[in-house]
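Colleague: Each protein sequence line maps, in turn, to chains C and B. Sequential numbering of the first sequence, starting at 0, is according to numbering that gives the first Met the number 0. Sequential numbering of the second sequence, starting at 0, is according to numbering that gives the first Met the number 0.
Bear in mind the hints are in silico, worked out from the structure with no lab data behind them. Do not rely on the hints blindly, as some may be mistaken.
In this list, chains with the same sequence are indistinguishable; a pair is considered to hold if it fits within one copy or across any two.
[Said to hold, decoys possible] Once the Cα atoms are required to be at most 16 angstroms apart in a straight line, the calculated EDC-like pairs of lysine to aspartate or glutamate come out as: (1) 95 x 46; (2) 79 x 99; (3) 71 x 91; (4) 34 x 55; (5) 95 x 16; (6) 95 x 22.
2 protein chains.
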Amino acid sequence: MIIKHYTQIKAARFDGDLVKGVDGRVLIGKADGAKNFCMRMFELAPEGFSPRHSHEWEHEIFVYSGSGAVFKDGDWVSLKPGNAVFIPGNEEHQMKNTGEMPFVFVCLIPDGPPEL
Amino acid sequence: MIIKHYTQIKAARFDGDLVKGVDGRVLIGKADGAKNFCMRMFELAPEGFSPRHSHEWEHEIFVYSGSGAVFKDGDWVSLKPGNAVFIPGNEEHQMKNTGEMPFVFVCLIPDGPPEL
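Just chain C, with the same shape it has in the complex:
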């Protein structure tokens, strides 16, 4: 059994034209022995956003803290702590922070794609 706290894990920072203010962490992945699916955490700074994209694999998301929104079928849908979001493979999506505090969520992917 492996027990961590996300604040103990060094984040990779993503900043550019298509992604802004995003800290990504692998909470549970292959290095821990997890073979079937991977738990990552993303922390979006105020005004931060993830890239708008689609890919073959699905996401299972759980919102931990802050206020944000997800781009769904051309609209932004608000998200708050306690929301679960299932994004099937090949569906366009994007996340953004809409608040003054970090917007933090876990996002799981199946085995196969890069962990971060």
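Dock chain B against the given chain C, drawing on the hints supplied.
Modeller: Using the frame of chain C, we list chain B on its own:
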């Protein structure tokens, strides 16, 4: 894309000799189209606990709120919001609430076993 809030999902209650005060919910599962892994949420009432058991499949857990502990190698290890726990298959485990508020965590499993 499917967006829910956990409070909108009817919980199944587990109470007995081996499990006490546990509300279980499937947040993302086969009914949503999720084929590879399943996100459940468990809410343990004060003094509540899950069964002490082991099984072939792994757990990937993220603690959302409250105070609790996990039984690991004969000892109880404290958990708080932001903890991630990887429990490999066939490793004995149990969760309990150690606080005055509900102890709430998401717990993901691979495809195969019952969702709840």
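Colleague: Report the numbers of all earlier hints that the structure fails to satisfy, in ascending order.
Modeller: none
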